[in-house]
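As you go down the protein sequences, you meet chains A and B in turn. Adding 9 to a residue's 1-based position in the first sequence gives its number in our numbering. Adding 3 to a residue's 1-based position in the second sequence gives its number in our numbering.
Hints listed in this document are in silico derivations from the structure and should not be mistaken for laboratory results. A few of these clues could be false.
What the hints assert, rightly or not - Straight-line alpha carbon distances no greater than 30 angstroms define the calculated BS3-like cross-link-like pairs of lysine-lysine that follow: (1) K437/A with K39/A; (2) K190/A with K68/B; (3) K211/A with K190/A; (4) K31/B with K75/A; (5) K75/A with K61/A; (6) K190/A with K31/B; (7) K31/B with K160/A; (8) K67/B with K160/A; (9) K158/A with K67/B.
As the list claims (entries may be wrong) - The following label-pair restraints were derived from C-beta to C-beta distances: (10) K277/A with L94/B: 16 to 22 angstroms; (11) R27/B with K39/A: 43 to 49 angstroms; (12) E161/A with N7/B: 44 to 50 angstroms; (13) Y62/A with I87/B: 47 to 53 angstroms; (14) M425/A with G109/B: 31 to 37 angstroms; (15) V414/A with L18/B: 42 to 48 angstroms; (16) A99/B with V17/A: 27 to 33 angstroms; (17) E65/B with V64/A: 51 to 57 angstroms; (18) V91/B with P207/A: 51 to 57 angstroms; (19) G189/A with F14/B: 16 to 22 angstroms; (20) A292/A with Y52/B: 32 to 38 angstroms; (21) L407/A with V91/B: 47 to 53 angstroms; (22) I87/B with S461/A: 39 to 45 angstroms.
Unchecked claim - Short, incomplete list of chain A residues facing chain B, as computed with Cβ under 8 angstroms: (23) F137; (24) A155; (25) I182; (26) L459; (27) I462.
Small disclaimer: the values here were computed from a predicted structure and weren't measured. All residues carry an ideal CB built from backbone N, CA and C; glycine is no exception.
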Amino acid sequence: MSIEILPVLLFIVPLAAAFALYFPSRRGNKPSKIFTFLSLVANLIIAIKLFKYVVVSGPVITVFSKWVPPLGINFYADFMAVIWLLFGNMLAMFALFSSRLSYTWRFHGLILLMSAALNGLILSGDIFNIFVFFEILCLVSFALVAYYKRKESIEAGIKYFVLGSVASAMLLIAIALIYGKAGTLNLAGLSLASASWPIGFKMLVFGLLLIGLGVESGIFPMNGWLFDAHPAAPYPVSAMLSGIVIESSLYVLLRVKALVFPEPVFAKILLLLGVLTFVISEAVGFFQRDAKRLLAYSSAGQIGLMLIAFSINTTFGFIAGLLLFVNHLLSKGLLFISVGAMSDRSNSRDLNSFASESVFADKVAVITGGLSLLGVPPSLGFVGKILLFIGLAKASLLGVAYLLVPFIVIEALYIMRLISRVYLSDGKGHLECPGQLVAQWLLSLLLLALPSIVLTNGQLKNNFAKKIIKPINARQYVASVNGLTRKGIDG
Amino acid sequence: MQINFYTLSVFLIVLGLIGIFLSRDFIKTLIGIAVLESGVNLLLISIGYIDGRLAPILFNDELKKSAVGMVVDPLPQALVLTAIVIGVGLLAFGLAMAVWMNNRFGTTDVSELKELKG
Numbered sequence: 010m011s012i013e014i015l016p017v018l019l020f021i022v023p024l025a026a027a028f029a030l031y032f033p034s035r036r037g038n039k040p041s042k043i044f045t046f047l048s049l050v051a052n053l054i055i056a057i058k059l060f061k062y063v064v065v066s067g068p069v070i071t072v073f074s075k076w077v078p079p080l081g082i083n084f085y086a087d088f089m090a091v092i093w094l095l096f097g098n099m100l101a102m103f104a105l106f107s108s109r110l111s112y113t114w115r116f117h118g119l120i121l122l123m124s125a126a127l128n129g130l131i132l133s134g135d136i137f138n139i140f141v142f143f144e145i146l147c148l149v150s151f152a153l154v155a156y157y158k159r160k161e162s163i164e165a166g167i168k169y170f171v172l173g174s175v176a177s178a179m180l181l182i183a184i185a186l187i188y189g190k191a192g193t194l195n196l197a198g199l200s201l202a203s204a205s206w207p208i209g210f211k212m213l214v215f216g217l218l219l220i221g222l223g224v225e226s227g228i229f230p231m232n233g234w235l236f237d238a239h240p241a242a243p244y245p246v247s248a249m250l251s252g253i254v255i256e257s258s259l260y261v262l263l264r265v266k267a268l269v270f271p272e273p274v275f276a277k278i279l280l281l282l283g284v285l286t287f288v289i290s291e292a293v294g295f296f297q298r299d300a301k302r303l304l305a306y307s308s309a310g311q312i313g314l315m316l317i318a319f320s321i322n323t324t325f326g327f328i329a330g331l332l333l334f335v336n337h338l339l340s341k342g343l344l345f346i347s348v349g350a351m352s353d354r355s356n357s358r359d360l361n362s363f364a365s366e367s368v369f370a371d372k373v374a375v376i377t378g379g380l381s382l383l384g385v386p387p388s389l390g391f392v393g394k395i396l397l398f399i400g401l402a403k404a405s406l407l408g409v410a411y412l413l414v415p416f417i418v419i420e421a422l423y424i425m426r427l428i429s430r431v432y433l434s435d436g437k438g439h440l441e442c443p444g445q446l447v448a449q450w451l452l453s454l455l456l457l458a459l460p461s462i463v464l465t466n467g468q469l470k471n472n473f474a475k476k477i478i479k480p481i482n483a484r485q486y487v488a489s490v491n492g493l494t495r496k497g498i499d500g
Numbered sequence: 004m005q006i007n008f009y010t011l012s013v014f015l016i017v018l019g020l021i022g023i024f025l026s027r028d029f030i031k032t033l034i035g036i037a038v039l040e041s042g043v044n045l046l047l048i049s050i051g052y053i054d055g056r057l058a059p060i061l062f063n064d065e066l067k068k069s070a071v072g073m074v075v076d077p078l079p080q081a082l083v084l085t086a087i088v089i090g091v092g093l094l095a096f097g098l099a100m101a102v103w104m105n106n107r108f109g110t111t112d113v114s115e116l117k118e119l120k121g
């Protein structure tokens, strides 16, 4: 089996499983959940294989039906993409595993479709396929947010739906303009063609793309849906929305920006938006009384931090962004699973009463997740934030770093409030689904073990710092796409 | 009178956006979304349109060899087909949501949604 098939399988396996779900689902919720879990495990195994291959021997490019870029469709998995794929699929698996048994096959099918759309979105190498996967992702997310069909979830779903539809229309307008100017939709072709575009046209297209992808990734002026959708969704969905959905839209935005809009002015716009997102979300989040809504504000804040880290455009910023992403995915996934499960049990999301039915595992999970989200020293969040500050200092943006510090303290204050509520609860609730317990323990363990794996493994560290992680460069990307596809076709 | 397709599509897009953000009824918002999508599709298809040429329907081998100079750009038409299908899916889901909303709230007036604050 050649390695080029792996990215395709990552998209095909969950899609096929979503349709095959019909057969196990007729026997009830449990077989349906087991089947979904097994297909997500298969996905995770494929993602691990792809990750290992890409770390050792460079990007994998899959070309469909032998049309060489700039024509045709291709999947492109580079180092950044496989990190997103590995942890995204891992979170999908944990989120499903922790889900309650009362969720029906509709929930399982939508989770599978969401996983397929996420993998496709991250891998896709041309901008129209990005639009298609983005649309699948939007539709699935609307449906999952409104899953309970309560008043609150329908309202959140409608808000999300209206904003998402406008966003996708803006994305399509940008695609139409890009095609009219360049005559190609392939990212490699576009990165060559865009060098000669006038700056005004670039600004227009970038603005449209920013609206289109920014809504889904929760960047400041467009993130109003996020604070309603996260609390209203079932807790595994909140974990996925916050841990991987908004980040993968951010990833697509960063990739298109790096390849098609390399001018420093666009990085400055993203930096400004990142700072605004972080500052405003943390400031508003401090006053929340609703535990899940508080976590949603913290998610928007972390997105702001990642945006700042990636738009510094140096190696330090890049590594900081990756670490912040991994840390946020694992810790926020863990927090949403535990806090959501607790508030489902006690039937309240109020900060004072949501933890009344907690169990011991919840306490461990919330403490581990919360502290590593804040960046208490041995955690990945700490390394990420330190590297972010070093990166900002090296890019002579120390003013931004000074601005961030008080808001990091504010985030620490309200997350500590959440932790203290859970820690001081009596811890005598009873559990309805053992999967949740297992997911919590495994995620906590992973969060505790990852810093020591990343920081002490010499080989990994050398590869990370020296060879693999570099800011994406348009010329390298084009060279690797063209070079590898030629080789693939001749061979 | 010669119709400029670009002007028409921009007009439809603006009309759709106005409809989405100014109407209080969710059904009207959905109509706004439909108008917006039509505008975007018209923009996409007029970008591939070349004045005086034929539709790219190539039904025999001879046409396939000689058609390059005679037909309009076929790619935007393929893209628009995809976009129309996606748009229909989106609208169908929106209408389903309108039904749920009507069942829960007894109205499709968006200003009645006051469960969530902020």
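_Check the structure against each numbered hint from earlier and tell me which ones fail, lowest number first._
4, 6, 8, 9, 10, 13, 14, 18, 20, 22, 26 and 27
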